[in-house]
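Based on these hints, arrange chain B on the given structure of chain A.
Chains as they are written, first to last, in this note's numbering: chain A, 1 to 434; chain B, 1001 to 1434.
Take every hint as true, because none was put in to throw you off.
Estimated spans, in silico, between C-beta atoms of each pair:
#, chain 1, residue 1, chain 2, residue 2, range
1, A, Lys323, B, Val1431, 58 to 68 Å
2, B, Asn1409, A, Lys323, 46 to 56 Å
3, B, Gly1130, A, Glu126, 34 to 44 Å
4, B, Arg1285, A, Arg77, 24 to 34 Å
5, A, Arg77, B, Trp1089, 29 to 39 Å
6, A, Asp235, B, Gln1432, 37 to 47 Å
7, A, Val363, B, Arg1209, 32 to 42 Å
8, A, Ile352, B, Gly1130, 30 to 40 Å
For the record, the hints were derived by calculation from the structure and aren't laboratory data.
Note that beta-carbon positions come from the ideal geometry of N, C-alpha and C, so glycine has one too.
Given next are the chains, with one letter for each unit.
There are 2 protein chains.
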Amino acid sequence: MKHDATPENAKSVKVSAGNDRRSFMLAGLGLAGGAAAGSMGLLADAKAGSNLPPDVPIWTKSLGSGVVAHPYGQPSRYEAQVERRTVDWLTADRMASISFTPLADLKGIITPSGLVFERYHSGLPEIDPGQHRLMIHGMVKQPLLLTMDDLMRMPSVSVIRFLECPANGGMEWRGAQMTGVQFTHGMLACCEWTGVLLSTLLEEVGFSRDASWILAEGADGAHMSRSIPMEKALDDTLVVYAQNGEALRPEQGYPLRLINPGWEGNTCIKWLRRLEIGDKPWYQREETSKYTDLMPDGKAREFTFVQECNSVITSPSPEKPLKGKGKYWIEGLAWSGRGKIKHVDVSLDGGISWREAGITSIVLPRALTRFGLEFDWDGSPALLQSRAVDETGYVQPTYQQLRDVRGTNSIYHKNAIHTWNLQPGGTVANVQLS
Amino acid sequence: MKHDATPENAKSVKVSAGNDRRSFMLAGLGLAGGAAAGSMGLLADAKAGSNLPPDVPIWTKSLGSGVVAHPYGQPSRYEAQVERRTVDWLTADRMASISFTPLADLKGIITPSGLVFERYHSGLPEIDPGQHRLMIHGMVKQPLLLTMDDLMRMPSVSVIRFLECPANGGMEWRGAQMTGVQFTHGMLACCEWTGVLLSTLLEEVGFSRDASWILAEGADGAHMSRSIPMEKALDDTLVVYAQNGEALRPEQGYPLRLINPGWEGNTCIKWLRRLEIGDKPWYQREETSKYTDLMPDGKAREFTFVQECNSVITSPSPEKPLKGKGKYWIEGLAWSGRGKIKHVDVSLDGGISWREAGITSIVLPRALTRFGLEFDWDGSPALLQSRAVDETGYVQPTYQQLRDVRGTNSIYHKNAIHTWNLQPGGTVANVQLS
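One chain only, chain A, in its complex shape (with noise of 0.2 Å):
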């Protein structure tokens, strides 16, 4: 073999042409005069017909465009279907709606900033940074009205954790069977989030030893409010200022916002403009009305704040069907509110046996986790689970399990073991089994 032979010389393979890796392989990769195969088509182009190998694509033989042609650079425009995606029937109009994150094509635990599924009461407000002011006030003894600049003199930390909506999956709660994993798992994200603890904050207030809840609120027309125990409030709460390193997006609270680590996704107020310390919750509408919990026996839960233990396969799924009988790559995503994934089992049989999944990522409290399995797919169907245990020991529920606790008038906090049916044909479909 010669240093100057190139990929163009060589024939073609087929993408999926058997049931061993092995398959990737090719007999010999010499100059013979193969026909170009179909994959290589668009190269073949100039020479349809003939047998000749495909010519060198364009862009190994030309200049491309120069440094900074984007100063803010974009996803390849072949990359254009991975996108966020709504549902237009959940909600009466797109202001007060959710989209979804397109978790079949992600990778690793970090949700790049533009895919983050967005959550809006009023839908988006687009504010001043210069404008903006942060209010400190209550039951301290000296209030504080903060601008960015001043926030961003103070000390900062850096964490990478999950954000969830509590509503996550609970169309499948009541039995839709979305199609696609964006949609039955896809208000969910993972990003690094750099701000000021609320715990630096409270300190600088000098807040009263009898305070014990902390009212967060918004800048949007809905004026977005959650009450927040001071527990968690001294413990974790991030003021938060910048994601996945540069500031806030928009649709994720520009300039500020809170970050509750682990708890509901609605307690992380976006467009953060007031923190009232107090000695009770408020009780607004999106923490009485809203983001509570029907029981069985007529009563609601409320301040159910944490983000159970969960998981699911992002491909094999709906929109990651297989292509043919051979090995595949079982990969997902798993997390908990409660601290760091410890493990997660698959199974390919619908719960009857598992198997333990490898983890592929960094592990961290309250942050996405990735896992991944190797699988010899014979062409059988197939019902394939997940189930992750996290640090405290709790194991991902069946439907079955959460039910007899929960019954079925809840939306919020599904975390049940998700099962896609693998079909003998490659397709994936969503299934409930309890």
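Okay, now just chain B, sitting in the frame of chain A:
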């Protein structure tokens, strides 16, 4: 204080009014009719000259835009100044040039993909992933020609690692004293990378026991190529298709690149199309005429792969001047191609005395690490430096220490302690101390 108190009902506060963090505080937050402060000017426009408090901003009184107005989100228009920039005198044209990461505006350790520095040798190619192939051949039992789909079916891993051009700081070495941390240190980024371990692919092709080097070659017009020792390839080299959760960006090698964690950025071949297994290095153009280090005796070091331990203060910096006396947060980045950062010291007096900075991010091997330190500025001039130590005990050198070994002919591998000259007015200049 009533629950309906809002920031708009309160007097504004001057951004940087004093020399104590207590200067953030207001004497009171009542509704007294004080003049709206200048910093709330836009809000007060409608009441110019009046003594009334500023209006509630329009975004708090209106509906914003609905979900998926942007299926792929973008930064706020107020962040438009945060962008990659180039220096046109650096190279003959923009197709063989570099742009720089805007480090002063970044937080945490993740670099957003749209702001990662660029380095092209023949411009940015635009590659169709359906046509792209990776050929692995040479001293192997069975050569392979892989499609992107083939690679996606193989076991994958995700790691957060820095990427640095070995020329980072090269202009400083020659005494250019670039204005701004974007230009002194901005050939630097840190992302989560996902792909297949090169060792997995090497197992697949069954490489010869005599093989000791691998040539990696890009599909760009320059066919950019470097020789990689087998030891690294079997250790942690990754064949990467995803960056920060999504497909690689075009500027970063879409659809496929190499990542050699902790090594010279230009060994991390972008648009990777070919891996040849051999028993000696190839001595390609970019490892002979370039990317070697001319020593004082006139000989050139070759294959100096590891990016040494380094650090820089990102704020204050020329881009982030101080606004009067008072408390500030000094922050910056440290990294080492040899492993984890162990600690970072900061000096305010040009290296005479040192204080240990806090580490404010996760600490990962061969990743950027964020440090910070409180600083109560009395308005005096100061010489700000940071000095990093990695887990091997290696201490970042002074310019004098570096030149004692390396002379002054080098371009690459400049990791000397950097100095910012903080001037009485708060501006920050780049100075070089021995």
